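Could you slot chain D onto chain G? The hints should help.
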Amino acid sequence: MKQANKMKLSLVAGLLLSGISGFAAAADKDAGGISDGAVKIGVLTDMSGLYADLGGRGSVEAAKMAVEDFGGKVLGKPIEVLSADHQNKADIGANIAREWYDRQGVDMITDAMNSAVALATAKLTAEKKRILIANGAGSTKLTNEECTPYTVHYAYDTYAMAKGTAGTVAKQGGKSWYFLTADYAFGQSLQADAAKAVKAAGGEVLGEVKHPLNAADFSSFILQAQASKAKVVGLADAGGDIVNAIKAANEFGLTKDQTLAGLLVMITDVNSLGLPTAQGLLLTEGWYWDLNDETRKFGKRFFEKMKKMPTMVQAGVYSATTTYLKAIQAAGTDNADAVMAEMKKTKINDMFAKNGHVRQDGRMVHDMYLMQVKKPAESKYPWDYYNVKATIPGDEAYQPMSESRCAFAKKS
Amino acid sequence: MKNRMPIVLLVLAVLGCLAPLAGLYPVFLMKGLCFALFACAFNLLIGYTGLLSFGHAAFFGTAGYVAGHFVKVWGWSPELGIILGAATSAGLGWLIGGLAIRRQGIYFAMITLALSQMLYFVCLQVPVTGAEDGMQGIPRGHLFGFIDLSSDLTLYYVVLAIFLAGYGLLQRVVNSPFGQVLKAIRENESRVLSLGYDVDRHKLLAFVLSAGLAGVAGATKTIVLGFETLTDVSWEMSGEVVLMTLVGGMGTLLGPVVGAFVIVSLQNYLADKVGAWVQVIIGSAFVLCVLALRKGIVGTIAARLQPKAINA
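Sequence order for the protein chains is G and D. Quick note: the first sequence uses this note's numbering, first residue 1, plus one each step. Quick note: the second sequence uses this note's numbering, first residue 1, plus one each step.
Everything labelled a hint here was simulated from the structure, so no lab data went into it. Only a predicted model underlies this, so the values are computations on that prediction, with no experimental measurement involved. Every residue, glycine too, gets a C-beta built ideally from N, C-alpha and C. Each hint should be verified, as a subset may be incorrect.
Said to hold, decoys possible - Facing chain D, from chain G, some residues (calculated, C-beta under 10 Å):
| no. | residue |
| --- | --- |
| 1 | Ala-52 |
| 2 | Gln-87 |
| 3 | Ala-90 |
| 4 | Arg-98 |
| 5 | Trp-100 |
| 6 | Asp-102 |
| 7 | Lys-123 |
Next comes chain D alone, as it looks inside the complex:
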C-alpha cells in the first residue's frame, strides 16, 4: 500500500494538469479543489482519528475572512494571506480542539458545533466581515509579488499546487508513525493509552493539523472567488463537509476528493437544469450512499479491488 502513495499523487497531479485542457471550467475546478482539500482535512479527524467535528466551517470560514481582509485592506500578497489565514485557523483549532477533546462522541461533536456557532455570530456582528452582505471585492493580486493571478488558468495551477501539497502532507501524516497512533486511537483509545501514548496530545495535534489545512482551503477559496460570506462559517457548511467525506468514503485518502467533486458538481451543474430539485437530488444521493455504499464511493471500489485489505 505504501509504495503506491507517490503514484496516487502523481496520477492526481497529471489529471489535475490535464483537466482544464480537456475543456473543464477552471474556476469550477478551483472551487472543487478547495472543497476537496477541506474534506481531506476533515477526513484526517473523522476517518483516521475517529473524531466527528461538527464545527469545521469555523476554520474554513475564519481563514477566508482573515486572508480576505489582509489581502483587500492591507494589500498583502495572496500567499501571505493564505498563510496567515491558515495560521489563524490552526490557532483557533488549538483553542476549540483543546476544549473539545476533553469529551468523547456526541459531546465532542456538540462542543465543536457550539463553538463554531459562537464564531458564526461573531462574524455576523463584527463590521469587518460585512455581515450578510459578505466581504466583497477581494483582489486576486500577484503571487510572490510578480505572478499575475488574474488569469483563471494561472490561478488554477497555483491552486492545484496548493491542493497537491496539502494532499501530500496528509498522505505523509496518515502513513507516518504518528498516523498509526491516530488510527490506533480510532480503533481503541484505552488500549493506546495503556501502551503509554499521550492520547490527548495526539488528538490535539491532529485537530490543529486538520483545522490548519481547512484554513488553507478556505483562504484559497476566498482568493479564487474574490469574496467571503457567512455561508462558509455556517453550520450548513460543517454539514456539507461531512456529506462530502461520507459520499466519497471516509478513512480513504482519495474518498473526500471524489466526494467533494461529486457534491460541488451536483450543486453547480444541476442549478440551471433542475432548479429547485438540486437539494432533493443531493439529499437522495446522500441517502443512496448511506444505504448502498456504506464505505462511500472510493471505499466501495477499493474494497472490491482488494477484498482482503483492511485499511484502504
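So that you can see chain G by itself, here it is in the shape it has in the complex:
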C-alpha cells in the first residue's frame, strides 16, 4: 500500500515537474531582430489534425530547406526556424504566436494553416509589427476585411481556387453547372465566386443542393446532381466532405456522363482518394511538383526527406521563406516595414512562381493551374497525379484590386 502511494506521489511530482520545466524553458528571454543577433522564422501549423499532410512537418522541413539553401545566414546573422502545432485551435495558435513575438523575438510567421488561426495571427502580427506570410489558410478575408499592412497571403486563396476552376472549365466548354455546396458561409462564398465565374464565361448554373457540414451520407445529394443533367458538378466544400462526395459520385456512376469539378481540392485529397476514384476530377492548384525541371528537382529533394511529394502549401512555405530572406538582404534590415516594402516591389521568380508579385493588399499574385486527375493507367510513377489542362494567369485568377474590400490598400 505504502509503495503504491509512493508511486502515486512520484507520478504527481512528475506531472508537476513537466509543467514547471515547460515554464522555465519558455521563460528565458531573448529578443530578436538582426540587431539582436538572429532572424527567427516561426512555422505555425497543424501537425496532428486534418491539415497535417497539407502543411505540418512538411512545412517545417520546407522552411528549413529554404534557410539551408540561403546559406543559413542573412546579413551575416544566423537564421533560426521554430515550429509549433496549433492543434487547429485559434487560441493556442495565437498564444504561441504572441509568445514567439514577445519572448522569442520571432520576426516572421509562416504557414498559418487554418483560417481562424491565420486571421487571429494576422491581427496580432500587425499589433506587434512583425510579418505573417500565410500559406496554409485559404480565407480571402486575410486580404479583404481583415487585411493588414503586415500580412502576405502567399500560396492560394479560396477565390482563386473557385474562380480558376469554374471560369476555366466554363471557357473550355463546360457550360452548364450544378453545385453541391457545404451549408455554411465558407461553402456559400465558394459557390458564389464560382457561379459568378461560370456566368462571366457564358455558362449557366442549373441549380444547387446544400449539404450539412461533415455529412455522412451523400447519396441523395449526388442523385439530385445527377438528375440536373448539368455537364459539370461543382463541389463547393472541403476536407472530409469533398472526399466523401467524390466517393459517392463514383459509386453512383455520376462520373460516367458528368464531370466533377472540385473548388477546393488539394493533392493530399487526391492522394487519399486514390486515382481509381479521383480520376477525371477537375481542380485548381497553385503549384504542382511535376510542372517543370525546377519543380521536379525541388520535389525530389523534398521527397528524400519526407517520403512524400510537397504540396503547394509546403512549396509555398519554401518560396515565402526565400522571398522574405531576400527582402531582408535587399533592405539591409529585418525591420518589418522595410522588409514589407521590399517584398511588395520585387518580382518573385523561383521554382514556385514566375513573375509573382505581392500586391498592396498583401495578395501574392501568381499563375494558377487547372488540373485534371489522371486515369490510373496514365500514372507512370508515384505521385504522378495531374494533367495540366490550362495555366491561369495570376491577374485573372485572383480577385482584382477593384473588388478589394481592404481598407488601407484602397486608400494608398
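Relative to the frame of chain G, chain D by itself:
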C-alpha cells in the same frame, strides 16, 4: 475545513499576483485563469451536484460571442460585455438546464450534448460569428471607460480579480446550506426529496450558476485573446473541461484550477517541442490520472494529507 477557506483564497491571490513577476507569460496565465474558472464552474455540477453536463462549451462559447459582438460592433466597454455574455449564458443555462434536469445520468449528459451541438450549428450558420473564420479583431478597450487594458499586465490583474471573485463565489456556494443540499443530492437524490427539498429547483439553480460562471470565463477569454472561434462551442471543448476537472480532481475546489493549468500548459508548451505528440501526451496524462490518481491531482494530495477527511 471551513475556516481554511479564506486562507486558500488568499494564497491563490498572492500566488496570482506574484506569477507574472516570476517571469511567467501574462497572456498564458490569463488563458489559464479563464479555463480554470470554466473548470471550476463545471465542477459545481459534476463534483458537487453529481450532474455530468456534456455541453458546457455552449455556455463558454456563447458568452464569448455575445461579449465579442457587443464590444466590437457596439463599442461597449469590456466589463459590460462580460456581464452581458455571462447573463446570456445563464439564460441559456436556464433553458438547457430546465430541459436536461428532467432526466438523469447518461440521458442528462446526452440532452446537454445534443442541445449544445444545436447551438454549435447555429454559430456555424449565423453571419455574426464569422463561421469557421471566427469573430476576429475584438478590441480590449478600457475597463469602466478609463483603465486602458492594452497592457498585458494590467489586463492580467483584472482577469485575476475576475477569477478570484468567481472562485470565491463558488467557495461560498459550496459551503452554504444550499451547497450542502447539492452534495446531498449527489449522494442520494431520493433521500433529499423525501426530506422535503425541491430537488429540481436546486439542480436548476446549480446549473444556471454554473452556466453563468462558465459564461464569465468565456467572455473574459474573448476579451483577453481578441477573438472567438467555433472551437469554444464545439463538443471537444465540452470534453476538454471534463478532462481538466478529472485530472485536477473533481469535487475539490482547487482541483479544476490545477487541472486547467496542467492541460493548458501541456497544450501550449509542448506545441513547439514535441509537435504532433501533444495530443498523445495529453491522452496519456488522462489515462494515467484515471488509472493511478482516481481522485485527480488535488484529490489525491488532499487524501494523503488527511486520510480521514470525507469531503476534501
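Checklist entry - Against the structure shown, which of the earlier numbered hints fail to hold, in ascending order? => result Checked against the structure, no hint fails, so every one of them is satisfied.
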